[in-house]
Amino acid sequence: MFRDSGVPVLDGVHCKDVNGALSAYQKLGRGTVAVKSQIHAGGRGKGTLLCPDTGDVQMEGGVKIAFSEHEVEEYARNILGNVLVTKQTGPEGKMVRNLYVEAGCSIAHEYYLAMLVDRSANSLLVMASEQGGVDIEDVAENDPDAIHRIWSEGRNGFTHLQCSELGSALGLVGESCNSFSDLVVNLGALFIDSDCSMIEINPLVRTVGGGMIALDAKVSFDDNALFRHPEWENVRDLSEEEEIEVRAKETGLSYVKLDGDIGCMVNGAGLAMATMDVIKLYGGEPANFLDVGGGANEDQVTTAFSIILEDPNVKGILVNIFGGIMRCDIIANGIIAAVGKLGLSDPLVVRLAGTNVDEGKAILKNSGLNIHPADSLAEGAEKIVNLIQGGV
Amino acid sequence: MSIWVGEDAKVLIQGVTGRQGTFHGSKMVEYGTDIVGGVTPGKGGMTVSLHDRMVPVYNSMEEAVGETMAEVSVIYVPPPYAGAAIKEAASAFQSVRGGGLVVCITEGIPILDMVDVVNAMASYPDVRLIGPNCPGIITPGSNGGSKIGIMPGHIHRKGRIGIVSKSGTLTYEAVAQTTGIGEGQSTCIGIGGDPVQGTGFIDCLEAFESDPQTEAIVLIGEIGGSAEEEAAEWISANGTKPVVGFVAGSTAPPGKRMGHAGAIISGGKGTAAEKISAFRSAGIHVADDPSVIGQVLADALIEAGLRDS
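Those protein sequence lines, which keep their order, are chains A and B. Per numbering that gives the first Met the number 0, the first sequence runs over residues 0 to 391. Per numbering that gives the first Met the number 0, the second sequence runs over residues 0 to 308.
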């Protein structure tokens, strides 16, 4: 993607097994190469690889420099099929199934560069620092003046003049500054054409020859723009995502798994967060965040409810709906359909309010299901916490 | 008085022939909103039945505003076309009647489209945009009122509390509780939860501050960005009316949906704890639990001498 857009990158080969890594090493001319774990998270260089069965440490660092065929083989073996834990993956880490073997280069200096949408300025923002290869959060905290910024005019990209000035602020001169300026201008065009939400290049390197090269990068796309980018389906790696979160997303639901035992189904992100807050306030622990969204239909509600029921940690369920665009009768029918399909042994508290609330309450009442109704969020949270703790 | 929308505002619906447009159009008419027309390109000349009213459909906003002199448009157009619909409405209001209000309900508009739209709004200085991805705005009246959006009408009652929120359903929660303690609302606005949006907290606070009907304000935020901190700063410097605040997401896990570099730009701002502490420093009466927003409001009104018990 970078290469096609005129953002210089090193030559490299994707591979999925040790033999692939060895032939990549041949292809790249048997010099010095970088062997990189490919997962959808940052902080890989400073991560730790663990054996998925025993949890034993296999190797420190998910990105390694190899000087020989023997080292390529050793690093590939330690990376593939093991779990990489980084600052961004959480303690459970991510299984590495893909490897990238990249030609080496002589690095003169490492920089950091990120491009994102600045919500308060309604424009694109580039943040760059002379301190690449390290944690940008640490730089922001310890030395905020070391981060230089430029903003675009609205949705237009960046000008060469702006980018050269940014380059100068980073201490770049001559050919390096020109190369930097071209890179950032092209990156801006890529960002807009591809509907990115963030591109982070870390490190961006100046080679001994003076050129600028994106050595490692992380790109995030704007999910809302999927309708004009059917090609995204090809770069998605479903094995990287929680199966249940994928299913939720495909159904148009927003789901995040948490550690507690009270499943929640709520409409609206704010109310869903507030419902979690109140469950905790009453001494319970939410098992998930689940926003069924605005215009959900009965099928989506059924899927949402099934996702909660399938979580083995769930001991009780709180449904909290304040209908606006969402209609309470749709929620009620969805719950009944899901329970009909999957059965229900855990206590279920349902709080309905808002649009078509009377129809919704009547549908649940006439269903004959054992549902505990609640009139307010606090009452709902208190009831479900008591039902679980009381073992009723 | 109220802010931005009077009880008798004349309103158009963009996307009126779609499922959501027709469903919520009917609910708006039922509440008492004066829906004077709708726009769906290619369907001009049709009429749509909304509750007990037959509403004419126009091909363009310019034609619709010219024919009806409506001052508000509410948008139920799908995400790929919503950005263009906002710009069309803003341009029509500015050129035909020198201003107006555009309320965009649509959820899921690409962020770069909104960057484009919000920058384009500078060319229409007398047009206000609320949203997108929001429940809309409502001014309850003595008899009916003007409900422009998707909020359930029946929980509202005309009164003196101004409500502004990022979250749709949490706004309803706050409304129901203010009504529950015997208070009513001057105007309620859901500004929406998208990162790039039209009207923000401070626009609403300024308007409530200068609205004589509004005597107290409820402000509801959520994690992410720094709009709550900026609102708190504004209140510290300019606020004279009591404000009750709530921030959703105290128990939300960090890192989810908050991008790596995004966390830097807010410079450590963005967690519920920080927003709540900014609220407290600004003298905002904080509800720790959304279920007690009504109670905290009652206490704040008593403390300000605006209520006896």
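If you're looking for bench data, these hints aren't it; they were derived computationally from the structure. Hints should not be assumed to be uniformly reliable.
Here's a subset of chain A near chain B, in silico, CB distances under 7 Å, partners left out [said to hold, decoys possible]:
#1 Ile106
#2 Arg154
#3 Gly267
#4 Leu270
Negatives, chain A to chain B, calculated, CB over 10 Å [what the hints assert, rightly or not]:
#5 Asn97
#6 Glu129
#7 Asn223
#8 Glu242
#9 Val255
#10 Leu280
Selected chain A positions facing chain B (in silico; Cβ < 10 Å) [claimed, not checked]:
#11 Ser119
#12 Ser167
#13 Leu257
#14 Gly292
Glycine included, C-beta positions come from ideal geometry on N, C-alpha and C.
**Message:** To test your reading of the hints: which numbers does this structure violate?
**Reply:** 1, 7, 9, 10, 12
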